[in-house]
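Chemist: All chains should be built: construct the whole structure from the sequences, respecting the hints.
4 protein chains.
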Amino acid sequence: MVDLAIYAVKAQEVIEAGQFLFAEGWSPATSSNYSARIDHNHLAITVSGKHKGRLKPNDIMVVDLQGQPVQSKLKSSAETLLHCVLYDWRDDLGAVLHTHSVAATVLSRALGRVDHLILQDYELQKAFPGIETHEGVLRIPIFENTQDIEALSLETTAYLKQYPMTPAYLIRGHGLYTWGATMADTLRHIEAMEFLMACELKSLTLRCKI
Amino acid sequence: MVDLAIYAVKAQEVIEAGQFLFAEGWSPATSSNYSARIDHNHLAITVSGKHKGRLKPNDIMVVDLQGQPVQSKLKSSAETLLHCVLYDWRDDLGAVLHTHSVAATVLSRALGRVDHLILQDYELQKAFPGIETHEGVLRIPIFENTQDIEALSLETTAYLKQYPMTPAYLIRGHGLYTWGATMADTLRHIEAMEFLMACELKSLTLRCKI
Amino acid sequence: MVDLAIYAVKAQEVIEAGQFLFAEGWSPATSSNYSARIDHNHLAITVSGKHKGRLKPNDIMVVDLQGQPVQSKLKSSAETLLHCVLYDWRDDLGAVLHTHSVAATVLSRALGRVDHLILQDYELQKAFPGIETHEGVLRIPIFENTQDIEALSLETTAYLKQYPMTPAYLIRGHGLYTWGATMADTLRHIEAMEFLMACELKSLTLRCKI
Amino acid sequence: MVDLAIYAVKAQEVIEAGQFLFAEGWSPATSSNYSARIDHNHLAITVSGKHKGRLKPNDIMVVDLQGQPVQSKLKSSAETLLHCVLYDWRDDLGAVLHTHSVAATVLSRALGRVDHLILQDYELQKAFPGIETHEGVLRIPIFENTQDIEALSLETTAYLKQYPMTPAYLIRGHGLYTWGATMADTLRHIEAMEFLMACELKSLTLRCKI
Numbered sequence: 001m002v003d004l005a006i007y008a009v010k011a012q013e014v015i016e017a018g019q020f021l022f023a024e025g026w027s028p029a030t031s032s033n034y035s036a037r038i039d040h041n042h043l044a045i046t047v048s049g050k051h052k053g054r055l056k057p058n059d060i061m062v063v064d065l066q067g068q069p070v071q072s073k074l075k076s077s078a079e080t081l082l083h084c085v086l087y088d089w090r091d092d093l094g095a096v097l098h099t100h101s102v103a104a105t106v107l108s109r110a111l112g113r114v115d116h117l118i119l120q121d122y123e124l125q126k127a128f129p130g131i132e133t134h135e136g137v138l139r140i141p142i143f144e145n146t147q148d149i150e151a152l153s154l155e156t157t158a159y160l161k162q163y164p165m166t167p168a169y170l171i172r173g174h175g176l177y178t179w180g181a182t183m184a185d186t187l188r189h190i191e192a193m194e195f196l197m198a199c200e201l202k203s204l205t206l207r208c209k210i
Numbered sequence: 211m212v213d214l215a216i217y218a219v220k221a222q223e224v225i226e227a228g229q230f231l232f233a234e235g236w237s238p239a240t241s242s243n244y245s246a247r248i249d250h251n252h253l254a255i256t257v258s259g260k261h262k263g264r265l266k267p268n269d270i271m272v273v274d275l276q277g278q279p280v281q282s283k284l285k286s287s288a289e290t291l292l293h294c295v296l297y298d299w300r301d302d303l304g305a306v307l308h309t310h311s312v313a314a315t316v317l318s319r320a321l322g323r324v325d326h327l328i329l330q331d332y333e334l335q336k337a338f339p340g341i342e343t344h345e346g347v348l349r350i351p352i353f354e355n356t357q358d359i360e361a362l363s364l365e366t367t368a369y370l371k372q373y374p375m376t377p378a379y380l381i382r383g384h385g386l387y388t389w390g391a392t393m394a395d396t397l398r399h400i401e402a403m404e405f406l407m408a409c410e411l412k413s414l415t416l417r418c419k420i
Numbered sequence: 421m422v423d424l425a426i427y428a429v430k431a432q433e434v435i436e437a438g439q440f441l442f443a444e445g446w447s448p449a450t451s452s453n454y455s456a457r458i459d460h461n462h463l464a465i466t467v468s469g470k471h472k473g474r475l476k477p478n479d480i481m482v483v484d485l486q487g488q489p490v491q492s493k494l495k496s497s498a499e500t501l502l503h504c505v506l507y508d509w510r511d512d513l514g515a516v517l518h519t520h521s522v523a524a525t526v527l528s529r530a531l532g533r534v535d536h537l538i539l540q541d542y543e544l545q546k547a548f549p550g551i552e553t554h555e556g557v558l559r560i561p562i563f564e565n566t567q568d569i570e571a572l573s574l575e576t577t578a579y580l581k582q583y584p585m586t587p588a589y590l591i592r593g594h595g596l597y598t599w600g601a602t603m604a605d606t607l608r609h610i611e612a613m614e615f616l617m618a619c620e621l622k623s624l625t626l627r628c629k630i
Numbered sequence: 631m632v633d634l635a636i637y638a639v640k641a642q643e644v645i646e647a648g649q650f651l652f653a654e655g656w657s658p659a660t661s662s663n664y665s666a667r668i669d670h671n672h673l674a675i676t677v678s679g680k681h682k683g684r685l686k687p688n689d690i691m692v693v694d695l696q697g698q699p700v701q702s703k704l705k706s707s708a709e710t711l712l713h714c715v716l717y718d719w720r721d722d723l724g725a726v727l728h729t730h731s732v733a734a735t736v737l738s739r740a741l742g743r744v745d746h747l748i749l750q751d752y753e754l755q756k757a758f759p760g761i762e763t764h765e766g767v768l769r770i771p772i773f774e775n776t777q778d779i780e781a782l783s784l785e786t787t788a789y790l791k792q793y794p795m796t797p798a799y800l801i802r803g804h805g806l807y808t809w810g811a812t813m814a815d816t817l818r819h820i821e822a823m824e825f826l827m828a829c830e831l832k833s834l835t836l837r838c839k840i
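Chains as they are written, first to last, in the numbering used here: chain A, 1 to 210; chain B, 211 to 420; chain C, 421 to 630; chain D, 631 to 840.
Since the hints were derived computationally from the structure, they do not count as laboratory data.
C-beta atoms are modelled at their ideal positions from N, C-alpha and C, and glycine is treated no differently.
Honestly, I wouldn't trust all of these hints.
Ranges of calculated distance between the beta carbons of each label pair, as one might list FRET restraints [claimed, not checked]:
hint: 1; chain 1: A; residue 1: His40; chain 2: B; residue 2: Val219; range: 43 to 51 angstroms
hint: 2; chain 1: B; residue 1: Arg417; chain 2: C; residue 2: Pro549; range: 34 to 42 angstroms
hint: 3; chain 1: B; residue 1: Leu284; chain 2: D; residue 2: Ile636; range: 53 to 61 angstroms
Calculated pairs, DSBU-like style, for lysine-lysine (alpha carbon to alpha carbon, straight line, at most 35 angstroms) [to be verified]:
hint: 4; chain 1: A; residue 1: Lys75; chain 2: A; residue 2: Lys50
hint: 5; chain 1: A; residue 1: Lys50; chain 2: D; residue 2: Lys680
hint: 6; chain 1: B; residue 1: Lys260; chain 2: B; residue 2: Lys371
hint: 7; chain 1: D; residue 1: Lys680; chain 2: D; residue 2: Lys705
hint: 8; chain 1: A; residue 1: Lys50; chain 2: B; residue 2: Lys260
hint: 9; chain 1: A; residue 1: Lys50; chain 2: B; residue 2: Lys371
hint: 10; chain 1: D; residue 1: Lys686; chain 2: A; residue 2: Lys50
hint: 11; chain 1: C; residue 1: Lys476; chain 2: B; residue 2: Lys266
hint: 12; chain 1: D; residue 1: Lys680; chain 2: A; residue 2: Lys161
hint: 13; chain 1: D; residue 1: Lys680; chain 2: A; residue 2: Lys56
hint: 14; chain 1: B; residue 1: Lys266; chain 2: A; residue 2: Lys56
hint: 15; chain 1: B; residue 1: Lys260; chain 2: A; residue 2: Lys56
hint: 16; chain 1: D; residue 1: Lys686; chain 2: A; residue 2: Lys56
hint: 17; chain 1: C; residue 1: Lys470; chain 2: B; residue 2: Lys260
hint: 18; chain 1: D; residue 1: Lys686; chain 2: C; residue 2: Lys476
hint: 19; chain 1: B; residue 1: Lys285; chain 2: B; residue 2: Lys260
hint: 20; chain 1: C; residue 1: Lys470; chain 2: D; residue 2: Lys791
hint: 21; chain 1: B; residue 1: Lys266; chain 2: C; residue 2: Lys470
hint: 22; chain 1: B; residue 1: Lys266; chain 2: A; residue 2: Lys50
hint: 23; chain 1: B; residue 1: Lys260; chain 2: C; residue 2: Lys476
hint: 24; chain 1: C; residue 1: Lys470; chain 2: D; residue 2: Lys680
hint: 25; chain 1: C; residue 1: Lys470; chain 2: D; residue 2: Lys686
hint: 26; chain 1: C; residue 1: Lys476; chain 2: D; residue 2: Lys680
hint: 27; chain 1: B; residue 1: Lys283; chain 2: B; residue 2: Lys371
hint: 28; chain 1: B; residue 1: Lys260; chain 2: C; residue 2: Lys581
Modeler: Structure follows, in structure tokens:
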């Protein structure tokens, strides 16, 4: 069983995150899924197929780190396991957000078979933990889209264990996953990634023009 | 005669849809028209030429499936018949929305004489009913614009009877028609189509640049 | 002297127009000026240099058709005369709006020395009075920018007397002027022009790509 | 010690500026920093790392013109010194705003090694003090990004003393600094710069297409 006061706080965080992310256009058409950690083994996560800008209390449910519903008969997002393996990978994660923006979709598709996005010389790289300068190279992996979520959960975990400083990943033609110690940190990472992807997309349209 | 309680609910759905769609920029300058089914033979539909972000109760009226006004002296949208034939085609449709976005206009014109838009490998294709994977091909027909609405109603009906899984269609240089079992479903289809068209437009601007 | 009740209504229309136009991004940085006709010989017009999204009652003043302040010591917009000659040209004009959008600025500059913008095959051309089909050609003149407003007022008037169906004009690198029988009509014309210019700009970026 | 009533007013100006700038998308992911002058030797400035759209009273602090905290144990923005040298340079400055927009980032990077942005023939150049016509050339310097803020403060000061009419500067891949006699003036300068940079970016994407 989970602490209900903590559950209520975390569910509210998820609801408010959805209001912001939908308004930004990053979670259209009931896409996306969001979660917040309740305790070591439990997370509050969005129920499958809900309007992300108008989440109601019963649009949030609890699952354990194996992705099984707890105290609920609802069905969580099809991608629940991608959240679970992130919380399992790092004890200090408090939230995981998955969004579907036009920029993430177009950029990951435009990069064709390339399996990562390179970000460099952007001041905003400093929005991610442990980055103190714009001078380094930030590497965001891009995984191929699949409906086999279990396989993708293994693939992402293997990558992150090898490159633990990675702050986010993309799924091609699909969207962004990012995480943080708190919901506020995780929202900051989304804002930073969306900003950086918007810059990269605009820069690509300018290529050869200057 | 129509059930007035159902009429009131459906009219309110249309009003709220307009507030959202105008705010998104998809129904500018009194363009667009919206409808919701009241019963087997009647729909609530927008009166011609109204500001779609500020629809008032008397900006909605009832027509039957032949497009004739019911209990009203108002004039419904010039494109009423395009709504009627959709409801007549499928008993399970609860709402029809027609919008005029920049993306729908530019993309349908940019495709020149091509009579369809192909969408493939987008996770968001799953926003449409019966689609469980990003791997299939989604074909959205594009009809030539005309002021002869009766001819267009026959042309769209003939197409949809042949390809009944089609979730939406475009009219070139004009806009999008989509439908669903409920108003919420239909709004989700618009959000998904606008997202996918925005992706396609941005991808076209990147072509040959990567 | 003007009818104060009519003045109050017209001033409020101008204030609300500004709230909408600023929010759309079409009147940034205290640019733009708006007016509404009070009677045959008087208009309510914005005072020079005010924030258009937060117009207060004393940011509106009255001028006569010669552009002279009436019952006021305030200074009206430097472009007041461009409004006056429009009201003088046509008795049935109730409002004139001048906006500064990115699209109007970029498109008018991109067209180089061409002195008009041609719009064709857009359903939204029907937003303008007297246009019943998308099939015609809509010609929007582009005047060269100048700080000599008197000269520009003569140039625009001469053009409009020759082509009285013109619904709007552009000043290169500067912005859009449009007008209508009512403030609602004039706002609809701006929405339509901004939509059409956004379509043209996006289409230009696609040229040679399809 | 500072006058507390003036401090409260200036802090509130900073908070409201942040609400506007975040909503515009110009201060994402806790980037940006803002200040307002309290008296000859003191300014109210944002505390490091705060969400700029939701600044609370304790997210603002006072520093002197040497950048040292006054009546506070908080840490001001890493770029505090860039604000201080501007107030030191000109007694008539009442506010300094630093923002991080996509346009400023992409445009400053796209210009490669060029150390300035040239703006010409835009009516909106008149939004800056002392500019009465669109015909002049407005030169906005671009400084290379660095984490050595002291060096950058010397470099910017040297430039501004040589070219005192400069209304703003860019840091490459980083953002915009602008200033004014009041917060309202400074916000107007940001709006104008963002408008002009948006125009320049769109114009670059059109190059060779017309």
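Chemist: Against this structure, judge whether each hint is valid.
Modeler: Hint-by-hint comparison with the structure:
1. A/His40 with B/Val219: 43 to 51 angstroms: 46 angstroms, holds
2. B/Arg417 with C/Pro549: 34 to 42 angstroms: Roughly 39 angstroms apart at Cβ, these two residues keep to the hinted range, so it holds.
3. B/Leu284 with D/Ile636: 53 to 61 angstroms: Because 59 angstroms falls inside the window, the suggested range holds.
4. A/Lys75 with A/Lys50: 11 angstroms, holds
5. A/Lys50 with D/Lys680: 31 angstroms, holds
6. B/Lys260 with B/Lys371: Satisfied, since the Cα-Cα distance of roughly 32 angstroms is no more than 35 angstroms.
7. D/Lys680 with D/Lys705: 11 angstroms, holds
8. A/Lys50 with B/Lys260: OK: A/Lys50 and B/Lys260 at ~31 angstroms, within 35 angstroms.
9. A/Lys50 with B/Lys371: With a Cα-Cα distance of about 31 angstroms, the restraint between A/Lys50 and B/Lys371 holds, given a limit of 35 angstroms.
10. D/Lys686 with A/Lys50: 32 angstroms, holds
11. C/Lys476 with B/Lys266: 28 angstroms, holds
12. D/Lys680 with A/Lys161: Given pair D/Lys680, A/Lys161 holds - Cα atoms ~31 angstroms apart, limit 35 angstroms.
13. D/Lys680 with A/Lys56: Holds, at roughly 28 angstroms.
14. B/Lys266 with A/Lys56: 28 angstroms, holds
15. B/Lys260 with A/Lys56: Given pair B/Lys260, A/Lys56 holds - Cα atoms ~32 angstroms apart, limit 35 angstroms.
16. D/Lys686 with A/Lys56: Judged against 35 angstroms, a Cα distance of about 28 angstroms means the pair holds.
17. C/Lys470 with B/Lys260: 31 angstroms, holds
18. D/Lys686 with C/Lys476: 28 angstroms, holds
19. B/Lys285 with B/Lys260: 11 angstroms, holds
20. C/Lys470 with D/Lys791: The given pair, whose Cα atoms are some 31 angstroms apart, holds under the 35 angstroms limit.
21. B/Lys266 with C/Lys470: Answer holds: B/Lys266 to C/Lys470 is near 32 angstroms, not above 35 angstroms.
22. B/Lys266 with A/Lys50: Holds: B/Lys266 and A/Lys50 sit about 28 angstroms apart, inside 35 angstroms.
23. B/Lys260 with C/Lys476: Roughly 28 angstroms separates the two Cα atoms, so the pair holds.
24. C/Lys470 with D/Lys680: 31 angstroms, holds
25. C/Lys470 with D/Lys686: 28 angstroms, holds
26. C/Lys476 with D/Lys680: The given pair, whose Cα atoms are some 32 angstroms apart, holds under the 35 angstroms limit.
27. B/Lys283 with B/Lys371: 33 angstroms, holds
28. B/Lys260 with C/Lys581: Holds: B/Lys260 and C/Lys581 sit about 31 angstroms apart, inside 35 angstroms.
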